[in-house]
Every structure is written in structure tokens, then in C-alpha cells.
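Residue numbers (the working numbering), protein chains in the order written: chain A, 453 to 602; chain B, -3 to 136; chain C, 2 to 355.
Just so you know, not all the hints are guaranteed correct.
Below, in silico cross-link-like pairs of lysine-lysine (DSS-like), each with a Cα-Cα straight-line distance of 25 Å or less [as the list claims (entries may be wrong)]: (1) C/3 with B/74; (2) B/74 with C/326; (3) B/107 with A/462; (4) B/74 with C/258; (5) C/26 with B/74; (6) C/50 with C/89; (7) C/3 with C/26.
No lab work stands behind these hints, which were simulated from the structure alone.
Each chain, written out:
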Amino acid sequence: MNPQWRQAMKTAISEVLETMFFAMVDFEGEGAPDGGCPWYCEASIEAAFDAGKVAFFFRLSEDFARMATAGFLGSREEQVNAEEIEDAMKELANMVGGNFLSRVEEKNVRLGIPTFRMAPAHEGVTGADAEMLNLYCLGDRVGAAFLERR
Amino acid sequence: MSYNILIVDDSKSMRKVIRKTLAASGFRVGECIEAGNGREALDALANNWIDLILSDIHMPEMDGMELLRRLREDATWKDLPVVYITTESNEDRLQELVRLGARGYIRKPFKPEEIRALLSDVMGETDESAMAPGDEDGDF
Amino acid sequence: MKPIKVLIVDDSAIVRKIFSQELAKHDDIEVVGTAPDPYVARDKVVKLKPDVLTLDIEMPRMDGLTFLRKLMKYHPVPTIIVSSLTPKNSDMALEAMEYGAVEVLAKPGGSYSVGDMSVQLVEKIRAAANARFLAPKSGDNGAPGASGAPLASENISRALTRTTHKVVAMGASTGGTEALKSVLTRMPSNSPGIVVVQHMPPRFTTAFANRLDSVCQIEVREAKDGDSVLPGLALIAPGNYHMVLKRSGARYYVEVKTGPLICHQRPSVDVLFHSVARYAGANAVGVIMTGMGRDGAKGMLEMRQAGARTIAQDESSCVVFGMPKEAIRQGGVERIAHLEQIPESVVEFLASGE
């Protein structure tokens, strides 16, 4: 990923999570990639501009997704249901995508409609040229964001 | 006094978040009505006295731009302030909404202070004291 | 009797104060609140449920007309428009009547004192409290408009032959601007001369006449002293002056003059009708329409006794069934007609007796 995009991605993720989800993430950490998590909450969205097309994927552990959703809705974690997690994850994808596009110098940007699924951990996200940003919360890996050129 | 606000967004969670953010912002909110798209917004307007609309842009059935066009054609609603809360990053589209009569927009993610500042401005509130109706002064 | 609950909506603190003070002198009126702008007003309408609103037409943040439209849509309350005497505001006030306001009151200023205004205000509040909201015309969607097509002048031209010696006199008050518009827009261009008293402040009558002129087949203008009463022309008495009919040979003309208030009014319907009875006698048709009070009842009886044909607007189509009711009670009314039947009745009466 070009450095400018990489930075834009990090800034977008931090800003959206902090402002709307009251959650903080780091992009470096010591925690091992989370092997014990069989399923991820995965939200994705496509963005198009004159120079091409990209897709964003957000894969978060269910625990972190639940915590972020509770922060988003102002609810308690144990009250958050699956539908709300899905909704909040889609909004996350939507907002990070929009925020990212406003930071890169591309012409005629258009954002698609976010999708959500529970993704098995063993399933690969993307093609070979996808860039990955690991996400850590208090040192533990809680998921990753991917940017794929299409 | 307070303002009745119509929140238009296809995400129920986002409507809830906007509602909570408004409550936390200190902006004086009266009734808060929700609608899932432009069509539902028009239905809500038929039954509720709304002072201000906060709307998403991209929505199924009737989007935020079409909603604005419809409002501008209606004698009762042509001056109703509409503010967008959106992830739209295409400046041209945002400017087109402003040309159509949108009173402003807030990009998601948003902070309560941003919402309050914009809405106060849109509703013509200069500051707190200006709203307090004095009983002893005033022009004839 | 429960007092009339009034909410005063005005951005001027002094107006709010003066209105409150003046109205406090009357036991049958209670000011339940005041509001400096439309947003506060909306909250107070919902909370205090006033019987009558006084509404400043020019306000900050949301103009009075926009507010009025919303008010009439969601929380209809009989509303008195309070406006300064500028041409722009007169037009706005008239537009407000089309959106459902029932009365218009001029703000004090110049020679027009707070005392004058106070008397008017109280009268208008009592009238507004008696106003009924009439079902909007079908397909009307709240927008102003004429209620029907003009009577075809060909069909009735025979009926109206040799009618230059005829004259039609009309009087109205609360709700009268819309009722008169409904009748006058349907009068054919070969209609005999028409003289009209509508209780309204000065300048508003000018704007009213201009507005009618733009939507009627006949010519409509505010009367000036000495104006001839001619076929195809309606003369509206100017606010703050009485208008009387006179005859010089074969020609009718009007005199516009000052004088005492009659039935609290100037122009007064009684003053006009009295002169019509005297100078036009059996050649006149009189119409008394919606409004509070008893102005016109005595004059209509005089017209009837002089041989004129007379019509009163019926209760169902009146915003306030006061003046027609009193005219009927005093015995001057020959026929009671729904607003929409008035033009036909007038033409029928004009054609009879030829």
C-alpha cells in the first residue's frame, strides 16, 4: 500500500472508532495473532473513483465488536444483540470508507453499500495484493483491516 | 423552547446514535421522530410538526437528495432546514445538496459539539442569552 | 363562562406587554402566555391550548406565514394577524387570511393609538373565539383559490339586461375576505355595480381590493370619494372611512367620508345599507355575510322595507354566524343561502322584477 493511503487508513480507523465507538486501537502490539477465535465479525464496503476501485474489509473478534457496538449505541455489552453488532459493523465500514476517501486525493469518489457476515477464521479475506493492518486493543490483537485494490 | 427533529437514516442503530448524540449535545431537542428513508420522512412530516431534519444521503427507496427536492416543492416545507449527516466524501455531491437548499452537513464520524454548533447556527441562535426573551426591552 | 384563552406571539417585548396589560382589563379574556418567536409559540400552543392566537406576521427565524401554515396543519387555532401598515405586510396579512387566519389587526403607530387598538383587539379576539374552521375545499390542499368558475356571462346576459340602474351591496366581517373572494370571483363581467364593506383596517383594504382585482373577472378597487358605481365594477370601502351610496340622475356614485364608529366599525355595513335603501330602494340586492356582531342587520331591514331583495349567508358556510343571524332575527332577510349559492341568488334576484 502506498504510504499515504496507509496513513489515511490508520487515521480513518482511529478517528471513527474513537469518535463514534468510544474504542481505541493501536496498529502495533505484542499479542499473537488471535488463533483461538474461530469466527470474525466481518464488514466490507467497496469504493470507486476515477482511477480504480478498492474494497475495505474489517474483521473484528466478536468480543471487540460487541464492546465497540455497546460504545456506539451507549448500551451495556450484555444487552447488545447480533443484529446491533451487524448494524454497527456496517456503519463502521461505511464511516471508515467515507473518512478514508475524504483523505486521499482521488477524483469522483463513490462509496458502495456495506455488507456483513460472520466469517470463519480460516477463510482468507482477499486476493494477494490486499494490504493488512493488524488492530490491537491494550496489547491484544482484536482483528485486522484490509484494503484490496480491485 | 425546543426543536422537534426528524432523524432520517436507514440504519436503526445510527438513528439511535444520532438521537443520543443530540441529547448529549446540549442542543434543545423536543420531540425526536425517526424515519428509515425519504418516503418515511414525508409520512412523518404529514403527522408531526417538525422544525429540523437530520438526514442521511444514501438510503433505499427515497434518498436524502430526493427528499430535499420534494420538500422544496411543498409550500409548507419549502423552508424547513435540512442538515445531512453523512459519510459522503464527494465534495461535488455535497455542494449540489447545498445548491438544492441543504443548510449544512456533518460528516460521520461526528462529535456532539459539531452537531450543536451547526444546528444552533442553522436555527439562527447566536448564543444562549439571545434566546432568553427579555420582558423589559425590545423595539416597537 | 370560561374566559377566552389567548396566546400572544410577537417578537416585540413591548407589544407583548401592552397586549397583556390591555387584555387583563377584560374578564372574559385571559392571556395564558406570550411567545417571542414561532418555536416558543409552537411549544406553548401545544402546552397551553389557547382558544385564540395573536400572531405578528413579521418575526425573526421563521416568518409568520410559514408558522401559520404549519399551525393550521397541525394545531389549528383561530388566529388574528397583527401587522404594521406597510404594503408588503398588508399583502402578507391577506395571504395569511387565505391560509386560515380569521382577522387582521393593525399595529399601533402614527395617529392610530394603543387605545384604538385595544378596543379593536378585544373585539377581534371575541370574534375569533367564535370562529369555526370550515372544511377546506376539495382538492384545495390548503392553498388559496377561487371556489368555482365564474357564472357564464352569456347565460345570464339576458337576465341582466337593463340592469344599469341596479346595484348590489355586500357586507362582511370575520372570515369575510375569503367569502367575498369566493362570491366576487364568480360574478360575471356584465354584473351590475357592486359596493362592498369588509371590516378591515386601512391599507389592508387597498391590498385586499388589489388582490381581488387580480383574480376576478369584474374590476375591483378601493373606493374613492365620488367614484361612479358602474357595471362590471366592485368598490371596496377603504378602512377607517364610511362609504355611502348616492344617486345623481341615472348615475350611482359613492361618497367616502369619516364619521363616528357605527357598531364599533368604520366602515360600517349599516351605514352603507342605509344609504342603499334610501337611494336604490327596490333596485338593490343586499348580501350580509360572515362576521361577528350585528353590523348590517338594521340596514338590511331598511333595504328590505324599501323593496330590495336580500340574502344572508347560511350558518354552515360562515366562519362566524353573527351578522347574518342578527339580520335574520331583525327580519330583513329574504333568503338564506350557502356561500356557494350566493352568486346565483344575486343574479336571480337581479333578473326578477324586470
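Inset, instruction - State the violated hints by number, sorted upward, taking the hints as numbered earlier in the document. - result: 1, 2, 4, 5, 6
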